[in-house]
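All chains, full assembly: derive it from the sequences and hints.
Chains A and B, in that order, are what the protein sequence lines are.
Using full-length UniProt numbering, the first residue of the first sequence is number 1, and each one after it goes up by one.
Using full-length UniProt numbering, the first residue of the second sequence is number 1, and each one after it goes up by one.
Derived by calculation from the structure, the hints in this document are not laboratory data.
Keep in mind the model is a prediction, meaning the values are calculated, not measured.
It cannot be assumed that every hint is accurate.
[To be verified] Taking beta-carbon pairs under 8 Å as the criterion, some of the chain B residues facing chain A (in silico): (1) Ala50; (2) Ala54; (3) Phe192; (4) Phe203; (5) Pro204.
[To be verified] Simulated coverage check for chain A against chain B, where a stretch passes if three residues somewhere in it have a Cβ under 8 Å from a Cβ of chain B: (6) 25 to 38; (7) 49 to 57.
Even glycine gets a Cβ: it sits at the ideal position worked out from N, Cα and C.
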Amino acid sequence: MASPQPARHLRTYAQIAWLWIRAAWQYPTSFVLLAVGNGLITGLDFVGLWIMFSHLEDLAGFALHEVALLYGSASLALALADTAIGSVERIGTYIRTGRLDQMMTKPVPLLVQVCADQFTLRRLGRLTQAAAVFGWACTYVDWSPLRVLVAVSMLASGALVFFGLFVGFSCVQFWTTDATEFANAFTYGGATVTQYPLSIFPREVLVGLTFVVPVAFVNWYPCLFLLGRTDPFGMPEAFQFASPLAGVLTMTAALLVWRTGVRHYTSTGS
Amino acid sequence: MRGAGMLHVAVATRAFRRYSTYRAATLAGIFTNSVFGIIYSFAYLALWDANPTAGGYDAQDAVTYVWLGQALLMTIALWGGGATDDLAERIRTGDVAIDLYRPVGIVGWYLASDLGRAAYHLLTRGVGPTLIGLVVFDIALPRSSVHALAFAASLVLAVVVSFAIRFLVASTAFWLLDQSGVKVMSGAFAIFFSGMMLPLVLFPGWLGTLARALPWASYVQVPADIWLGTHSGTGLLAALGFQVAWAVVLLAVCQGVLRVATRKVVVQGG
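Here's what the structure looks like:
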């Protein structure tokens, strides 16, 4: 029953993405500056965190290298998701300009087209910087085979959670076409929340970040395990291994919302 | 002279109206600013809880600073954008030739347009999150009517300085055709050196001295310190003078760059 469908979609995705990379390369100075600039934004972000620590011993009980682990893993997950499907944020524009109608007439799934559209490698900057911070923080972790497994699954699941958030919240635009920023509160907001130890927040916020917008599974729970720390909120220990489940659930919910959105969609034209 | 003044008021009014068309975008933006305000408030509360006098601020100052930052983010177009994005696009398409033979200066025209945009963003994206901050976190209000007035003046100057830098960024399109790379770089510096990411008062040693001398300090740190009542008497005047000085210098540079660029456009026969 295994169908070659997903593989074919992936190939189409790669072809469209490649097209956009070549298009962006037409302005080489901009291309390089965009990559460097994006790396710089996240780099300075971390310098900010480091300056914060020059005034502190620890932030809500977490030392700099521990916060770096949280920061690096969340940033990596976001960069992966953002690079792969960040363009989905723009569907409001596609609806307004009628591009979505054009896409619907093509024999490639709409979501693949939307995600691959205007694919940009400039987020490589963020990816590199996040990897560097994560790598440094990893040197402080007391590794065991299980921890390696949890770390790998953390990055994959984290990317999946952000995939879901990007797609799901972008769907709001099927109903109102100019509210792109709404999604930012959850995608980039989620990324910002996860830069900090969640122990800075009150319990209610943590519960929300666990069960409503599950970004706590992007890095908080698995990092508690990697660092061998007891959960300051006393949540079930099983949560520290539940990231893949959270990723799959978020993605499934997002795809359902996407389907509802596409069905609800009526063209702005004619 | 009076005619030109009226013209600029008309340009500003049109820009104000243009932005006010997108209501859902505005609401989504206020929501997003508020979410980020809440996240950063908890982060700063954790910082000032561990070090109650960091940077000479107390916890209430710090949280107030967060919400001022969120209110200023769009008003000063910290990420870039605003009227200067129109300019960059017109340079790319060549339409800037039409701007050049208008009987009014380009800098003044786009500055008026950007002030109109800023006024709209202040009334919505500025006031909206501030009200949320007042209700949720009990932020501080200006100490006296003098400070409130000085804050208003400082805000206008912040927009002018930010405009001048964004104008220079847009002008790079004369040479690069595409401003996006430089824009991202400039945005990265703006986030870091404006005090948006972390108050400049926390920056250590020479980095702090440097950051407080650069034009970006006019964006957030200077207006915020005026709001918080850090300056009084001549200190207040010095703070405003700092912004005026950068505004004058940068606007003069804008004129100079424009003159050089114009020669280039003529050479191309545009």
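At a threshold of 8 Å, is the proposed contact between phenylalanine 203 (chain B) and chain A supported by beta-carbon distances? Hint on phenylalanine 203 (chain B): holds, closest Cβ of chain A at ~6 Å, below 8 Å.
Please verify that hint: proline 204 (chain B), Cβ, nearest Cβ of chain A, below 8 Å or not. At about 5 Å, which falls below the 8 Å cut-off, the nearest Cβ of chain A leaves the hint on proline 204 (chain B) intact, so it holds.
Within the assertion that chain B covers the stretch 49 to 57 of chain A, do at least three residues meet a Cβ-to-Cβ distance smaller than 8 Å? Since 6 is at least three, the answer is holds.
Return the status of the interface hint for phenylalanine 192 (chain B): holds when the least beta-carbon distance to chain A is below 8 Å, violated otherwise. 4 Å, holds
Check whether three or more residues of the stretch 25 to 38 of chain A sit with their beta carbon closer than 8 Å to a beta carbon of chain B. holds (count 10)
When the least beta-carbon distance from alanine 54 (chain B) to chain A is tested against 8 Å, hint result: This interface hint holds because 4 Å falls under the 8 Å limit.
Hold the hint about alanine 50 (chain B) up to the distance rule: shortest CB distance to chain A must be less than 8 Å. Because about 5 Å separates alanine 50 (chain B) from the closest Cβ in chain A, which is inside the 8 Å limit, the hint holds.
In summary, the structure agrees with every hint in the numbered list given earlier.
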